[in-house]
Each structure stands twice: as structure tokens, then as C-alpha cells.
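There are 2 protein chains.
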Amino acid sequence: MKIGILGTGIVGRTLAAKFSSEGDDLMIGTRNVSNTMAKGEPDGMGNPPFKEWQKQNQKVKLGTFSEAATFGELILLATFGNVTKNAIDLAGKENFKKKVVIDTTNPLDFSKGVPPGFTATLGNSLGEQIQKYLPDSKVVKAFNSIGAHIMVNPKREEGDPDFFLAGNDEKAKKQISAIVTKWGWKSATDLGDISQAFWLEALAMIWINYGFKFNSWSQAFKLLKK
Amino acid sequence: MKIGILGTGIVGRTLAAKFSSEGDDLMIGTRNVSNTMAKGEPDGMGNPPFKEWQKQNQKVKLGTFSEAATFGELILLATFGNVTKNAIDLAGKENFKKKVVIDTTNPLDFSKGVPPGFTATLGNSLGEQIQKYLPDSKVVKAFNSIGAHIMVNPKREEGDPDFFLAGNDEKAKKQISAIVTKWGWKSATDLGDISQAFWLEALAMIWINYGFKFNSWSQAFKLLKK
Chain P
12 MKIGILGTGI VGRTLAAKFS SEGDDLMIGT RNVSNTMAKG EPDGMGNPPF
62 KEWQKQNQKV KLGTFSEAAT FGELILLATF GNVTKNAIDL AGKENFKKKV
112 VIDTTNPLDF SKGVPPGFTA TLGNSLGEQI QKYLPDSKVV KAFNSIGAHI
162 MVNPKREEGD PDFFLAGNDE KAKKQISAIV TKWGWKSATD LGDISQAFWL
212 EALAMIWINY GFKFNSWSQA FKLLKK
Chain D
12 MKIGILGTGI VGRTLAAKFS SEGDDLMIGT RNVSNTMAKG EPDGMGNPPF
62 KEWQKQNQKV KLGTFSEAAT FGELILLATF GNVTKNAIDL AGKENFKKKV
112 VIDTTNPLDF SKGVPPGFTA TLGNSLGEQI QKYLPDSKVV KAFNSIGAHI
162 MVNPKREEGD PDFFLAGNDE KAKKQISAIV TKWGWKSATD LGDISQAFWL
212 EALAMIWINY GFKFNSWSQA FKLLKK
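Same order as they appear, the protein sequences are chains P and D.
Heads up: the first sequence at position 34 corresponds to 45 in my numbering, and the numbers run straight through without jumps.
Heads up: the second sequence at position 128 corresponds to 139 in my numbering, and the numbers run straight through without jumps.
Next comes chain P alone, as it looks inside the complex (with noise of 0.2 Å):
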């Protein structure tokens, strides 16, 4: 499968690495390429250039947001939340139609530094904005409620955690909850239509605030469904 992924970050390398290991074709987008290949530092969370991650993960092309999107069939939004609409835009609104698109971002603040603040409110979660913005997409939310090493190397030492989503398209969560099951997933946990978004968008702070609170970042969230 074509699959793109806007976003240049530490989720969007790692769901290319893992896309591309299972066989499919990767491209991800960015908001300038030059500016991208030219970068030769860490950022800062300590993550290496773009340059240096795409030498050891040659098959992943890299192209403009525009030219990622056009390229996916399936599409991963993995940008900072609060420039995710901006992504599309520049990436064509029409790029996305009739496509699935699976939101991995969170309404994050950093402005003020750590733990970030929350900015979606209820019945307007970053997801339902998206899915509004996007109306002919199948938008899917997903991978928000925990950290990238976490998405594609789910088991924990204490145990197997859920993978959760929620969006309007049942054949869409079917198809990612196949994907992930692939991947090592023992419950794909479907809370319901993109309305669930904000649960699960509150659910990453959960795992953001802990995550700050005690220095930890192994952590995943498992219901015990009976």
C-alpha cells in the first residue's frame, strides 16, 4: 500500500519505519524539503536530523505535504497538533478525499513549556475538527495516547495495553485495527464515532502528565474488559 504521513517528527519516522518493514511504500511529507535535508541537528527532544534517520531508512521517500498526500492512499497526520490544519491546507484539502486518514496528533500547547496545555474543548477535539475539515475522509483517531517506540512495539513488561480508536468509517478502524493487530496488538479498542476523540485526546494527557510527573515513558493504558 502507498501510505503518507505528514510530519517529520519522532511519530511520523517511526510509523514510516515500520510501514516500510512490513512492505509498504512510504512517503513522508514536509513543509519545506530543502529546509528539512539541511538540518544537521538534534531537535529538541534529542531526535537526530531528518538526514541522519532517512540514511538508515533509505526506502522512505520524502517529499512536500502536497506530494505526500497526493502519494498515500492511506494518510497519517503526525504534525504538532495545533499546526495540523495548516499541514492540509498546504498539503491540498482535495488530496484527502474519499481517503482514510488516521489523526495521531494531540491538542497540545507548549507555549509555556511542560506538561503542555489542552486546547480542544468538548465536541470539538482535534479529531472532530479534522473530520470537519476533511468531510470526505474517513478520519480515524488513533496512536495518540501514548509514545511513538510504544505504537509500533506494544508489549510492556507488565502486560499488553490497548490500542484505542474512534472515528465515523467502521471499514477504516477495521482496516488499522488488522494493521496494528500485525504489528503485536492484542486488543484494538474501538470507543465508538470521532466524537470519542476527545476521551481519547484527554486520555494522552493522562499519559503526558505521568509521564512528566514521574520521568516515565514506557507507559500504556490496558482495559481489563472483564
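It is worth saying that the hints were derived from the structure and are not from the lab.
Please note that a few of the clues may not be correct.
Given that identical chains are not distinguished, each listed pair holds provided it fits within a single copy or across any two copies.
As a list, the in silico DSS-like pairs of lysine-lysine whose alpha-carbon atoms are at most 25 Å apart [said to hold, decoys possible]:
1. Lys237 <-> Lys224
2. Lys166 <-> Lys237
3. Lys13 <-> Lys72
4. Lys224 <-> Lys143
5. Lys197 <-> Lys66
6. Lys236 <-> Lys29
7. Lys109 <-> Lys123
8. Lys166 <-> Lys197
9. Lys193 <-> Lys29
10. Lys50 <-> Lys185
11. Lys236 <-> Lys224
12. Lys72 <-> Lys166
13. Lys237 <-> Lys29
14. Lys193 <-> Lys70
15. Lys166 <-> Lys236
16. Lys182 <-> Lys197
17. Lys197 <-> Lys236
18. Lys236 <-> Lys193
19. Lys96 <-> Lys109
20. Lys197 <-> Lys237
21. Lys185 <-> Lys224
Go by the hints and put chain D onto chain P.
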């Protein structure tokens, strides 16, 4: 210990019975004692009338909100969330002074049926509202993101869930953690100060929405720590 519980519903009853079975001295408070004792029908959720329940729990006293708050060295709030502040008013704010107050309530709106709506906003969770309303009390948000039967019987077939709590007073949180550890909770996870109550109330919504979607009421969250 003398414990006062505001609210005669299933949460108040279940916690009262558990504390009482551990040797504590319990009084449940209600708006109007004779009305509560006069009810002969099950409530909307099929719970038996209070007087039937009390026959099986004769050590638990029934009093007014004010009598229960005066009685308790520790106070639990177990009313519907939309009437909690009114219950505190009727109980007399002065009767909460310097006490630990466990807030088990949720900001739910059942006026449009189920699943309920959510009435809190960021920075104004019910837990924070109650702490502001009772500035001389040590409010601990706890017990709010699971059903009553799980509060006192945490072990699930699929594992041991986490007991989540939040509040400004470290000693109060340690006291509650010690109590629930005796009840069989394996992990009491302190999410931080009372501002974290918002996320715990959001977590309750995941529990509730999942419950209505799958008609499942035995689930509970575990935070896999590593």
C-alpha cells in the same frame, strides 16, 4: 474511624458497607431521612430501596447531610455530580473544615438520557470546583472512574486495575491509598494535584461510554507502568 457519606445511592451504599465491614463507624447522609426511609420501590437502576439495603447493613446509620458531615472524621461525597455542591450547602460547609473529603462524583448530565453528557471544563472539573468550595478541606478525587462494585472488589479476571487519585494534600492521598490497598487494590496511582481531577473525570467518560456501547460494566483501567 468515623466516616460520613453524602448520598444514599449505590456508590454511597457500597462504600459504606465496605468501610463498615472493616470496622469503621458509618453514617450515610441524605436530604430528607423520612423520605429516604419511605421509599418502597427500586430506583431507576434497579437498586432496592434504601430501607431494604439497611436491613442487611444495620450498623450503618442514616442521618441528614448535616448529621453525616458532622459525624465523619473522613467524608465521602457520593451524590450525583450536579447536586454535590447543594448537598455540601445543606450539610454545612463548616462541617468539612480540616477534614479529608473524598470526591467520588462525576460532572454528568442525564437530562438527555444515556450516555450522559459531561459538564466540566478544563480547569473547572468537579473536583476542582469542590476544592475551591471547601478551601479548608483536603479534597481527594478518587473512585470516580469505575463502577461501585469494582471500588470494593478491584480484581478483574484479566488482571489488577489501577486505583487513580488526585488532590493537593499528599498525606490525604497516602491515607486513601493505604485504605484501598487493604481492600485489594494492587496499585494506587497518584496523578498529581486536584487539577488532575479533570482527566480522571474524562477517564470516567471512557468507562461510561464503553459501558453503554458494549453493555459492559466490569471493565477497569490498568496503567502498565513499563
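Tested hints:
no.: 1; hint: Lys237 <-> Lys224; verdict: between (29 Å within a copy, 15 Å between copies)
no.: 2; hint: Lys166 <-> Lys237; verdict: both (20 Å within a copy, 9 Å between copies)
no.: 3; hint: Lys13 <-> Lys72; verdict: within (11 Å within a copy, 67 Å between copies)
no.: 4; hint: Lys224 <-> Lys143; verdict: between (34 Å within a copy, 23 Å between copies)
no.: 5; hint: Lys197 <-> Lys66; verdict: neither (32 Å within a copy, 46 Å between copies)
no.: 6; hint: Lys236 <-> Lys29; verdict: between (28 Å within a copy, 24 Å between copies)
no.: 7; hint: Lys109 <-> Lys123; verdict: neither (38 Å within a copy, 34 Å between copies)
no.: 8; hint: Lys166 <-> Lys197; verdict: both (9 Å within a copy, 21 Å between copies)
no.: 9; hint: Lys193 <-> Lys29; verdict: within (11 Å within a copy, 44 Å between copies)
no.: 10; hint: Lys50 <-> Lys185; verdict: neither (38 Å within a copy, 48 Å between copies)
no.: 11; hint: Lys236 <-> Lys224; verdict: between (28 Å within a copy, 13 Å between copies)
no.: 12; hint: Lys72 <-> Lys166; verdict: neither (29 Å within a copy, 48 Å between copies)
no.: 13; hint: Lys237 <-> Lys29; verdict: between (32 Å within a copy, 21 Å between copies)
no.: 14; hint: Lys193 <-> Lys70; verdict: within (21 Å within a copy, 55 Å between copies)
no.: 15; hint: Lys166 <-> Lys236; verdict: both (18 Å within a copy, 12 Å between copies)
no.: 16; hint: Lys182 <-> Lys197; verdict: within (19 Å within a copy, 38 Å between copies)
no.: 17; hint: Lys197 <-> Lys236; verdict: both (13 Å within a copy, 17 Å between copies)
no.: 18; hint: Lys236 <-> Lys193; verdict: both (21 Å within a copy, 23 Å between copies)
no.: 19; hint: Lys96 <-> Lys109; verdict: within (18 Å within a copy, 49 Å between copies)
no.: 20; hint: Lys197 <-> Lys237; verdict: both (15 Å within a copy, 17 Å between copies)
no.: 21; hint: Lys185 <-> Lys224; verdict: between (35 Å within a copy, 17 Å between copies)
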